[in-house]
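Which chain is which? The protein sequence lines are A and X, in order.
Sequential numbering from 8 applies to the first sequence in our numbering.
Sequential numbering from 145 applies to the second sequence in our numbering.
Simulated from the structure, these hints should not be mistaken for laboratory data.
Glycine included, each C-beta is placed from N, C-alpha and C at the ideal position.
A couple of the hints might just be wrong.
Claimed, not checked - Which residues of chain A face chain X? A partial, calculated answer using Cβ under 10 Å:
id : residue
1  : Ile-21
2  : Thr-25
3  : Asp-26
4  : Leu-45
5  : Ala-46
6  : Gly-171
7  : Val-173
8  : Tyr-188
9  : Asn-191
10 : Gly-192
11 : Leu-196
12 : Ile-202
13 : Ala-206
14 : Trp-209
Residue strings, one per chain:
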Amino acid sequence: MSAEKEPLFSSKNIKLLTDPMNDSNPITVQVLGICSALAVTVKVKPAFVLAIAVVVVMAVSNVVVSLLRKTIPPRIRIIVQLVVIASMVILVDQVLKAFLFDVSKQLSVFVGLIITNCIIMGRLEAFALNNKPWQSFLDGIGNAAGYGAILIIVAFFRELLGSGTVWGYKVIPESVYDFGYENNGLMILPPMALIVVGAIIWVQRAKNKKLVESN
Amino acid sequence: MKSLRRYIDKIKPHFEKGGKFEILESTFEAFETFLFVSDKVTSKGTHIRDGNDMKRTMAIVVLAVVPTVLFGMWNTGYHHFMATGQEGTLLEYFWLGFLRIFPIIVVSYVVGLGIEFAFAQSRGHAVNEGFLVSGILIPLIIPVDTPLWMVAVATAFAVIIGKEVFGGTGMNIMNPALTARAFLFFAYPSFMSGNAVWTHGMIAGDGIIDSYSGATPLAEAAAGNMSNLPSVAEMFLGTIPGSIGETSTLAILIGAAILLITGIASARIIISVFVGGMLMGLILNIFAVNAFMELPAYQHLLLGGFAFGAVFMATDPVSASQTPKGKIIYGFLIGFLAVLIRVINPAYPEGVMLAILLMNVFAPLIDHYVIEGNIKKRLKRAKVKA
Numbered sequence: 008m009s010a011e012k013e014p015l016f017s018s019k020n021i022k023l024l025t026d027p028m029n030d031s032n033p034i035t036v037q038v039l040g041i042c043s044a045l046a047v048t049v050k051v052k053p054a055f056v057l058a059i060a061v062v063v064v065m066a067v068s069n070v071v072v073s074l075l076r077k078t079i080p081p082r083i084r085i086i087v088q089l090v091v092i093a094s095m096v097i098l099v100d101q102v103l104k105a106f107l108f109d110v111s112k113q114l115s116v117f118v119g120l121i122i123t124n125c126i127i128m129g130r131l132e133a134f135a136l137n138n139k140p141w142q143s144f145l146d147g148i149g150n151a152a153g154y155g156a157i158l159i160i161v162a163f164f165r166e167l168l169g170s171g172t173v174w175g176y177k178v179i180p181e182s183v184y185d186f187g188y189e190n191n192g193l194m195i196l197p198p199m200a201l202i203v204v205g206a207i208i209w210v211q212r213a214k215n216k217k218l219v220e221s222n
Numbered sequence: 145m146k147s148l149r150r151y152i153d154k155i156k157p158h159f160e161k162g163g164k165f166e167i168l169e170s171t172f173e174a175f176e177t178f179l180f181v182s183d184k185v186t187s188k189g190t191h192i193r194d195g196n197d198m199k200r201t202m203a204i205v206v207l208a209v210v211p212t213v214l215f216g217m218w219n220t221g222y223h224h225f226m227a228t229g230q231e232g233t234l235l236e237y238f239w240l241g242f243l244r245i246f247p248i249i250v251v252s253y254v255v256g257l258g259i260e261f262a263f264a265q266s267r268g269h270a271v272n273e274g275f276l277v278s279g280i281l282i283p284l285i286i287p288v289d290t291p292l293w294m295v296a297v298a299t300a301f302a303v304i305i306g307k308e309v310f311g312g313t314g315m316n317i318m319n320p321a322l323t324a325r326a327f328l329f330f331a332y333p334s335f336m337s338g339n340a341v342w343t344h345g346m347i348a349g350d351g352i353i354d355s356y357s358g359a360t361p362l363a364e365a366a367a368g369n370m371s372n373l374p375s376v377a378e379m380f381l382g383t384i385p386g387s388i389g390e391t392s393t394l395a396i397l398i399g400a401a402i403l404l405i406t407g408i409a410s411a412r413i414i415i416s417v418f419v420g421g422m423l424m425g426l427i428l429n430i431f432a433v434n435a436f437m438e439l440p441a442y443q444h445l446l447l448g449g450f451a452f453g454a455v456f457m458a459t460d461p462v463s464a465s466q467t468p469k470g471k472i473i474y475g476f477l478i479g480f481l482a483v484l485i486r487v488i489n490p491a492y493p494e495g496v497m498l499a500i501l502l503m504n505v506f507a508p509l510i511d512h513y514v515i516e517g518n519i520k521k522r523l524k525r526a527k528v529k530a
């Protein structure tokens, strides 16, 4: 290895962390990982747990694949990546079952489906295979956090408007219901998650003109 | 009239470029053309133009729904008095309905037009008149006791998500009024379905007599209580419970006549919707295994929102198919699916809304294949000659 002069948190490395939060957000810009964004965002708590799970899986598998990048034969790289992700997901799943059983039940199949989350596969292919472990680690954290942030924002609005709660606690006071307010049943249905994601994309593009395609 | 014109001419410079209220230009323009025929002329090429711009088209549609509005007001009062076991005069019925329905219309217009004007101003284009019609259609397709704030939320949803995100009037994929109704239907089901929502005062439940059920004929039929169905004359006149404007087939047909005589609605669509519904009704009759499926096919056309959907919703020129052949396919499938959904799917006692929204989505695809087919046909003809 060549002598590495670059500091751990150089501006280039910081950019790996912050870029996915806005300019190249996996959900709102690359439009990846939509199906879990629709499925687990009814309540904030499961969305938060899934976001953490994805952060762990993504960071570790990015590092592992990055370490192996010179030894993986290009022809079978996809299957190797899958093995790495799958073993990480199994670990995460077992931990959730042991310590957060109720949330694990709510998430049901979606923990297992992290394996097929295209964001993880995409980052392994596009980044970890060509970069050093530390950068891959940051990239993994950044992308998973960008994904998780959107998940939590969507879940916040869906839970607040759909159930009147946030993290399971009543937020909208009883007096408002006495006044005739009703929870919005559509918010709990998946189509509304898509519309909320769309609204987030709208707001983001209105603020960040770089993202607007010219045609 | 002259003094109004003079006044508008006097204040006009303030709203043009460089004037005091330059930012409000599109708002001013909207009001000016609302009051007077626009003085805009095409400057290039030869065009035949008359004064019939979108505002006047929309005004005629609004005129065409007036009979259903008036009947809806009367019917609201009629059913409220019946539910509380009272007798009233025609004027009392009408007045009660007016007091219930007028606020809904006001809320729908204020919210919808407010958003339209705000978008037009911020994007710097002219205010579109599309909402003049949606604003009156939304109150007509909801139950009379829908809370006003729900009307406001649904209208805002329909205008923003159903229309403005696609680029405003003329760009929307789905009918905005039906989008509002679908939003209400899925968001607040307890106010949009069941037996209590159709009659004013029944959700609150004060003084309702026991013998009054409030169930719509379709709900009765779905439950198999065929003996509770109203007579055919009642179905046609519309003295039955239902959404505000949808009950009276007679009033809707008056509106249809206005739209067809002025050439605004497509007769192809209206007729093919009725044909589709009739055909599905007959098919169901043949394979009938329960009382609802035996319901005479023509009664399907009189019940629920079928006639209203066919005349005022399916004919929306923006979200319907554009090609003549496409219009027939589009209309036929609306009628066909509407009756199928309402009879076969127990979750939805009425299928017209869902059928029209579904076909709105398919309309461009239908047009695409109609045009492709036409191109192929003409290519063949050209080849034979050569």
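Hints versus structure:
1. Ile-21: Check failed: Cβ of Ile-21/A comes no nearer than 34 Å to chain X, outside 10 Å.
2. Thr-25: 28 Å, violated
3. Asp-26: 27 Å, violated
4. Leu-45: 15 Å, violated
5. Ala-46: 18 Å, violated
6. Gly-171: 13 Å, violated
7. Val-173: Given a least distance of 19 Å, the restraint on Val-173/A is violated.
8. Tyr-188: 8 Å, holds
9. Asn-191: Hint holds; Asn-191/A Cβ to chain X Cβ min 5 Å, cut 10 Å.
10. Gly-192: Given a least distance of 5 Å, the restraint on Gly-192/A holds.
11. Leu-196: 6 Å, holds
12. Ile-202: With a closest approach of 6 Å, the Ile-202/A hint holds.
13. Ala-206: At 8 Å from the nearest chain X Cβ, Ala-206/A passes the 10 Å test, so the hint holds.
14. Trp-209: 7 Å, holds
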